[in-house]
Amino acid sequence: MLAVFRKELLTYFTTSVGYIFMGVFLLISGILFTTGNIFSMNSDYASFLSGLIMIFLLVVPLLTMKIFSEEMKQKTDQLLMTAPQPTLMIVAGKFLAAVTLFFLTLLVTGLYPLLLSFHTKMDTAQILGTYIGFFLLGSSFISMGIYISSLTDSQAGAAILTFCLLIITWIIDFIGGFMPVSILAGVLFAFLLTALAAFWMFRATQNISAAALPVLTGVIIIAIIYLINKELYINLIGKTLSWFSLTNRFSSFPMGILKLDAIIYYLSFSGFFLFLTTQKIEKQRWS
Amino acid sequence: MMQFKLNFKTRHAGMAALTTIVVLAGLILFNLLFQSIPAQWDMTRKKLFSLTDQTISLMENLDQDVMIYFLAKPGQEPVDILEVLEQYAGSSSRINLDIVDPDRNPTLVSQYADDGESITNGSVIVVSGDYSRVIDRLDLYSISYSQQGQPQVLGMTAEQRITSALAYVTSGREPLIYILEGHNEFTLDELNLQDVVIKANFSVRTLNLLKMGTVPEDADVVVILSPERDLTENESASLGNYLENGGALFISRDLTGGDMRHMDALLERFNLMVVPGVVMEKDTNRLLPGMGNNPLFFSPRLAEENPVTDSLKENSLDAFVFTAMAVQETATKKRNLKFTPLLNSSESSWLRRDLSNSSEFRTAGDLPGPIAVATSLAETNRETGKEDGARIIVLASGQSLSALPGLGQIKANIEFFINSLNWLSDLEESINIPSKSLFRLPVQINALQAWIYAAICVLLIPLLIIITATVILYRRKHL
Chain A
0 MLAVFRKELL TYFTTSVGYI FMGVFLLISG ILFTTGNIFS MNSDYASFLS GLIMIFLLVV
60 PLLTMKIFSE EMKQKTDQLL MTAPQPTLMI VAGKFLAAVT LFFLTLLVTG LYPLLLSFHT
120 KMDTAQILGT YIGFFLLGSS FISMGIYISS LTDSQAGAAI LTFCLLIITW IIDFIGGFMP
180 VSILAGVLFA FLLTALAAFW MFRATQNISA AALPVLTGVI IIAIIYLINK ELYINLIGKT
240 LSWFSLTNRF SSFPMGILKL DAIIYYLSFS GFFLFLTTQK IEKQRWS
Chain B
0 MMQFKLNFKT RHAGMAALTT IVVLAGLILF NLLFQSIPAQ WDMTRKKLFS LTDQTISLME
60 NLDQDVMIYF LAKPGQEPVD ILEVLEQYAG SSSRINLDIV DPDRNPTLVS QYADDGESIT
120 NGSVIVVSGD YSRVIDRLDL YSISYSQQGQ PQVLGMTAEQ RITSALAYVT SGREPLIYIL
180 EGHNEFTLDE LNLQDVVIKA NFSVRTLNLL KMGTVPEDAD VVVILSPERD LTENESASLG
240 NYLENGGALF ISRDLTGGDM RHMDALLERF NLMVVPGVVM EKDTNRLLPG MGNNPLFFSP
300 RLAEENPVTD SLKENSLDAF VFTAMAVQET ATKKRNLKFT PLLNSSESSW LRRDLSNSSE
360 FRTAGDLPGP IAVATSLAET NRETGKEDGA RIIVLASGQS LSALPGLGQI KANIEFFINS
420 LNWLSDLEES INIPSKSLFR LPVQINALQA WIYAAICVLL IPLLIIITAT VILYRRKHL
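Chain order of the listed sequences is A and B.
Position 103 (the first sequence) corresponds to 102 in numbering that gives the first Met the number 0; numbering is contiguous.
Position 419 (the second sequence) corresponds to 418 in numbering that gives the first Met the number 0; numbering is contiguous.
Derived by calculation from the structure, the hints in this document are not laboratory data.
Among the clues, some could well be false.
What the hints assert, rightly or not - With a straight-line cut-off of 35 Å between C-alpha atoms, the simulated DSBU-like cross-links for lysine-lysine are:
id, chain 1, residue 1, chain 2, residue 2
1, B, K198, B, K210
2, A, K74, B, K476
3, B, K337, B, K385
4, A, K72, B, K476
5, B, K45, A, K238
6, B, K333, B, K210
7, A, K120, B, K312
8, B, K410, A, K120
9, A, K238, B, K46
10, A, K120, B, K46
11, B, K72, A, K238
12, A, K6, B, K476
13, B, K72, A, K229
14, A, K120, B, K198
15, A, K65, B, K476
16, B, K45, A, K120
Said to hold, decoys possible - A short, non-exhaustive set of chain A residues, derived as facing chain B with CB atoms under 8 Å:
id, residue
17, M21
18, L25
19, N36
20, A124
21, Q205
22, P213
23, G255
Note that beta-carbon positions come from the ideal geometry of N, C-alpha and C, so glycine has one too.
Can you build the whole structure from these sequences, using the hints too?
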């Protein structure tokens with residue numbers, strides 16, 4: 000893992016990718032900081048940081064688009080598969096390199112609150128908490144971008160798809176507010192999830208029996224929950240979207256609250272997408 | 000051979016898909032488990048999202064279930080208030096929180112609304128048994144309005160309001176205080192205390208003894224705020240009878256120079272005596288440099304272990320008084336009246352009785368310190384020793400409750416007043432939680448500094464990155 004990590008990190012600094020990512024991010028954040036805090040004499044730095052996520056969302060595809068798609072295009076992914084390292088370690092090495100570059104970029108923005116602190120009293124702990132949240136959220140975005148990069152050998156395709164999915168994660172919470180809240184809608188939504196799982200299983204195995212397994216399990220669980228407490232289906236769509244929302248969980252960080260469940264969620268989210276990426280790479284071994 | 004290959008692929012694909020589903024389900028369960036653990040850290044400097052000791056103490060003693068309804072559309076809840084409410088729900092198993100969409104639950108909401116009124120989105124309803132209290136969303140913040148009528152949020156009063164509502168719905172008690180009028184007294188409004196008193200769960204009415212003749216039976220406390228004219232003999236007698244029947248009186252006095260013989264006579268019935276003059280403090284630790292170390296304006300010492308002053312000590316709040324007179328115990332005293340000085344000047348102070356004397360040093364006619372400027376008096380039962388009779392608090396510097404020039408209203412003085420009402424109404428567990436300020440100091444920066452910082456952030460940093468990139472990429476190209 001360390002060798003992959005070193006090689007990837009070095010690549011960011013010996014090619015234009017790392018500099019473009021840092022340059023664009025720091026230029027836009029610099030403009031927003033000077034207009035939002037310096038010229039408006041506003042000491043609320045945590046709000047500035049939370050606004051910066053939108054910019055980060057725009058530049059994440061720059062960072063992740065080539066991580067696997069470039070390997071696939073140049074056929075060097077064959078080397079990865081034959082490397083004497085578990086696939087998970089290779090994925091983790093690439094992820095950590097991208098996250099390290101992101102961390103270094105965030106470190107540079109640490110200069111902003113330092114400048115403000117010469118002229119007003121800053122909420123140091125609150126700002127630190129917001130940085131922790133930003134870092135975890137950014138790492139989740141990166142893990143998603145890495146997974147998408149493993150799906151295609153087109154860098155542009157990976158970048159566009161990553162951007163679209165990140166935008167969806169951004170507004171998923173907002174969309175949830177407009178979803179139907181009735182019990183029937185909740186039950187139908189649960190069936191839809193079950194159908195999606197079955198479809199995915201069928202697509203992976205091309206086997207009807209394998210696809211029937213999630214259907215059977217799903218229907219039994221849905222029925223049991225309905226019989227025990229059907230009220231749980233009220234607003235199920237909205238609650239599910241809100242629960243999975245990355246940005247919803249971030250909202251407590253700029254307020255100055257560090258929540259253990261939010262930290263665990265971001266780590267799980269990153270872990271799950273790294274796992275999916277590993278599965279995708281592994282698939283090439285036996286398909 | 001072909002058959003084997005298909006089975007091999009299907010088995011692997013099936014296993015991979017199943018593993019993914021299991022991992023996803025496992026992670027969701029793992030997260031749900033952590034979600035049920037209310038572990039979080041309040042990183043704000045002013046601890047905006049941490050409950051005060053007063054609230055925690057109240058919740059520890061809850062012996063009945065409380066339901067808190069937060070009226071908000073799902074997904075659109077004001078997050079700051081929601082965080083505070085979740086603190087309540089997480090801190091006591093007796094408290095349950097429910098987010099209610101008022102558009103979908105009009106019946107539930109309407110049963111708590113006053114006749115002809117509606118409850119707005121963002122409001123909080125606290126319910127326990129037959130008692131309920133609605134807290135309007137605007138009351139969860141402290142809001143000031145500019146001259147143009149523009150609202151500005153200065154602080155958050157959510158905890159103050161919710162804890163107060165909790166205390167009310169679980170005790171069902173709202174002590175009634177009567178503010179005496181007819182002698183040019185201050186009103187609570189004039190002292191900006193009306194809202195504070197109501198938030199502390201008191202009901203307020205005015206009392207004109209000349210018209211009513213006697214103190215109403217439902218009075219928990221009678222309050223007299225800096226009267227400029229004396230009581231009549233009848234008023235004094237009525238108040239005396241009220242106190243002898245276990246009543247409670249808060250009285251603040253200022254140096255008026257007028258004849259206050261009936262007021263003094265009332266106090267003397269209970270061993271109390273206000274001595275005219277002004278206290279002059281010389282201990283520089285108790286004076287304010289911002290007031291030019293004016294000896295008439297000082298921070299008094301707080302009584303040890305007393306329900307009226309304990310919270311000031313715990314929160315390191317300094318009370319300030321000015322042009323204070325002295326309160327003393329009379330020479331002849333009844334034994335069952337317990338006199339306790341609450342606020343005292345230091346040993347380096349004195350009471351200047353001759354106001355024509357302008358000396359800055361203690362002279363022969365002055366009373367040596369320490370001088371009590373506020374005292375409490377409790378009548379004890381001769382047989383049981385319990386303090387279940389009359390209760391009086393005298394503050395000999397009435398103007399200290401008002402806003403002071405250059406300093407505004409002194410927080411500790413307000414707390415002293417509320418604590419006094421709590422003690423007088425025998426409601427020492429009552430609540431007085433300060434508003435949590437959301438105000439941020441602006442960045443004090445001049446135009447030159449702003450432009451320098453802008454140049455660093457917008458030009459210098461990106462430029463350094465471009466230069467580094469150019470050098471490295473150029474060198475690699477020409478290796």
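Now for the hints, and whether the structure bears them out:
1. B:K198 with B:K210: Holds: B:K198 and B:K210 sit about 29 Å apart, inside 35 Å.
2. A:K74 with B:K476: The hint holds at about 24 Å.
3. B:K337 with B:K385: Measuring from Cα to Cα gives roughly 11 Å; hence the hint holds.
4. A:K72 with B:K476: holds, 23 Å
5. B:K45 with A:K238: holds, 32 Å
6. B:K333 with B:K210: Holds, at roughly 32 Å.
7. A:K120 with B:K312: Holds, at roughly 26 Å.
8. B:K410 with A:K120: holds, 22 Å
9. A:K238 with B:K46: OK: A:K238 and B:K46 at ~29 Å, within 35 Å.
10. A:K120 with B:K46: holds, 16 Å
11. B:K72 with A:K238: holds, 12 Å
12. A:K6 with B:K476: holds, 19 Å
13. B:K72 with A:K229: OK: B:K72 and A:K229 at ~21 Å, within 35 Å.
14. A:K120 with B:K198: holds, 31 Å
15. A:K65 with B:K476: Answer holds: A:K65 to B:K476 is near 21 Å, not above 35 Å.
16. B:K45 with A:K120: holds, 12 Å
17. M21: OK, holds: A:M21 within 8 Å of chain B, min 5 Å.
18. L25: holds, 5 Å
19. N36: Since the shortest Cβ distance to chain B is 7 Å, the answer is holds.
20. A124: holds, 4 Å
21. Q205: With a closest approach of 7 Å, the A:Q205 hint holds.
22. P213: Where the cut-off is 8 Å and the nearest Cβ of chain B is about 7 Å from A:P213, the hint holds.
23. G255: holds, 4 Å
The structure shown violates none of the earlier numbered hints.
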